[in-house]
Amino acid sequence: MRLPTITRTTRSLIAAAAALTCIASQAATITIVSRDPAGTGFTDPTPVAPVGGNMGTTLGQQRLNVYRYVADIWEANLNSNVEIKVSAGWEPLTCTASSAVLGSAGAWNIWHDFPNSRPGQWYPQALANKLAGVNLTDGTPDDGTGYGNFDIKTQFNVNLGNPDCLAGNGFYLGLDGNAAGKVNFAATLLHELGHGLGFSVVSVQTSTGYRIAADGSAYVQNGGLPSVWEPFMYDNTAGKTWLNMTSAERRVSALNNLKLAWNGPNAVAGASILTGTPMVTATSPAGNVASLDYSPSAFGPAVPTSGRLGALAVLTPQTGETGPGCEPFNAANRAAVAGKVPIISRGTCSFAIKVKNAQDAGAIAVLLANNVDGAIAPGGADATVTIPSVGITQADGNRLKAAVAAAKPYSSRAVAGVVTASLAIDPLRKAGADAAGRPLLYTPTVLASGSSVSHWDITAFPNLLMEPNISSDLTLQVSPPKDLTLPLLKDIGW
Amino acid sequence: MSQKHLSRQRMLCAAGITLALLGLATSASAQEAPVQSTDSMTVSRDAETGKLRAATPEEITALKAAGAARAMRVTAKPTQQKTHGASGARGARLTDEFMSQSVAVRQPDGSIAEQCFDSHDAASNAVAVAHVHTNQVEK
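Those protein sequences? They're chains A and B, same order as listed. First residue of the first sequence? That's 1 in my numbering, and the numbers climb one at a time after it. First residue of the second sequence? That's 495 in my numbering, and the numbers climb one at a time after it.
Note that these hints are calculated values from the structure, not bench results. Do not rely on the hints blindly, as some may be mistaken.
To be verified - Below, simulated BS3-like cross-link-like pairs (lysine-lysine); rule was C-alpha separation at most 25 Å, straight line:
#1 A:K240 with A:K259
#2 A:K182 with B:K571
#3 A:K401 with B:K633
#4 A:K259 with A:K482
#5 A:K240 with A:K490
#6 A:K259 with A:K490
These numbers were taken from a predicted model, which means no experiment stands behind them.
Pulled out of the complex, with its shape left as it was, chain A reads as follows:
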C-alpha cells in the first residue's frame, strides 16, 4: 500500500516545480470521492480479517483500500496535470441467487474541440483535461448530485454474496489475486476504471453505429462527431476505419467477428506480447491433413504447447449408449483407444465424463469435437482426469475422423496406417491479432450478447485486462509484457 500523505506531498512539490519550469505533465492524481451514506459502503463498520495484503479491519476500509490500490496503479501509469476525480458508491444493483451485476463505470463527461485535441472528436473528460491542461468543467455548476462534473462515475454491488445475490460468491478484497471462487474486485475495478479513463468508444452507439451530435444532445444517424477511438478502428473487411464509415457500416463492423483491429502504433507494437496460435497438426500416410486450432479443456493437466500427442482413434457407437463416450468403453473401443488419442464428439454428457471414460480405457489424450458449428473450450471439473484434452470444431473433428479412415488402408505389413497428431504453435498467427499483427477488438457476430468493441477480443493470449471476460490469471498490470491497455490509451492521447 502507498503512503498517501507522503506521496501527495511529493506530488505537490513536483507540481510546483513543473509550474515553475513549464514542464508539460506529471504523474496523474486520482481522487476517489464516496457517495455512500455514513455507515455504509466505504464506511461499513462490519469487522473483517485482513485478506491477501489488504490490511483493513472493517469491510468499508477494505473496500476503500482496493479502490486506492487500483487508483495507484493507474496513477503510476498515466500522466496528467489535472486531478482525475472519480465518484464511487456501493449500491444495491440487479441480482439473482446465481447472477448479479457487479458494478459499472464510465466517463461521466465527454468533450470535443478543446486545446490540443484532434478537431471534431469526442474525448472522455479525464483525457480531455490532460490534453487541455485545465479542468474543462471549471465554471460549470454541479447538477445537484455532487458529482455532475466528475471525470468518472463508478458503482459496485453492495449486496454481492448475500443469499439472493450470487449467494456465497462475494467480492474478494485481497490484493494478491487469490480470489478462490469469489469475484476479484481489484481486477474488476481496474478493468472498469480503464473504461472510464478512455478504453471505450463511448460516444458511438454500437447497435446502430450512430454518433453523438456535436451539440452533445443525442445520438444521430448522420452528422455526429466521431469518437477519439474511431481513427484506430480498422475493419479488415471494409478496408477502412470507423472514422470513414457511415452509421450503417459501423453497425456492421461491430459484428464483424475477428475482423476489426486496432491500428494505433503503441498497441500494435505491444501486440508482440501475444503468443502464436496453438494448433493441432496431423500427419497421415494418406496425405496432408490441414492444421487446426484448439482450445484446451478447463480440467485435466495443462496441455503442452508442442510435441507429439499420439495416434488418433475413432470410437464405434456402443449398444445402448446415451452419447459418444458417455458410458464406460466396451472391449472394441478399449482396444481402439488404448495408447491413442480418440476423437470424441460433443453430446449428451459432460466433457469430463467422456475424457474420464477414455482415460479408463487407456487413452493418452482426447480431442473433443463440437457437434455444432463454432469453437468450444471444454469446461467442467474432475480432479481424477490425468490426461490432456482439447476442444476442436465439428468440421475439424470430421476432417480428422475422415483422415483416420483414409489412413487405414495404408500399412506396413499387418498394421493399419495411422494419423499421428501433434501440438504446435503457429508463430505467424498471433492469438488475438489480425494477419498484420494488429490486436483485435471484440466484435461478436451477435451483438445482443452484450459486449462491445470497447474490449480486446477474447482470443487474445496471454489474457488481457480489457477483454470482456475478467480472467483469473490477470496480474493487475496494464502494459507490456503483460497487457495492452496502456498502449491503447497512449494511442488516443494519454
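Position chain B relative to chain A; hints supplied.
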C-alpha cells in the same frame, strides 16, 4: 452448441422478426434514434422446422426484456450540454446508460464467469437470463 446457446439463438431470431413486424427498421431519413413502440404481435421462427409460429411465454418474456433493453439503449442521451468558456470547447454530461457494466454468472460447475457489457440494459438482460458469453461449455 449448448441448449443455452440454442435458446438464445431462437430468442434473437424471434427478436429480429418481432422488430421487423413492428416496423422498427430505422428510417433512412431519421436523424435521431427512434423510440420503440410497445404494441406487438410476437412470433418466433421455430429452430427445428424453420417456420414461424406463436412465441412461447418464455420467448415473449425474454423478448420483452431484450426489447426494453434495446429501447432504452437507443434513447440514451446526455443530460447536459456544456461549454468551456475560455477555450470554447463543447462537452456533454452522460448518464448511467453510457457506463460499461460487469456481470457475474454462476456456471454449472460452480465457477463464476464474468463479462463486461457496454450498457446497463445489456448487462441487466444478461443477469435476467443468467448467461454471459463464453465459448466454454460443460457438455
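Against the structure, the hints:
no.	hint	verdict
1	A:K240 with A:K259	11 Å, holds
2	A:K182 with B:K571	35 Å, violated
3	A:K401 with B:K633	20 Å, holds
4	A:K259 with A:K482	23 Å, holds
5	A:K240 with A:K490	21 Å, holds
6	A:K259 with A:K490	22 Å, holds
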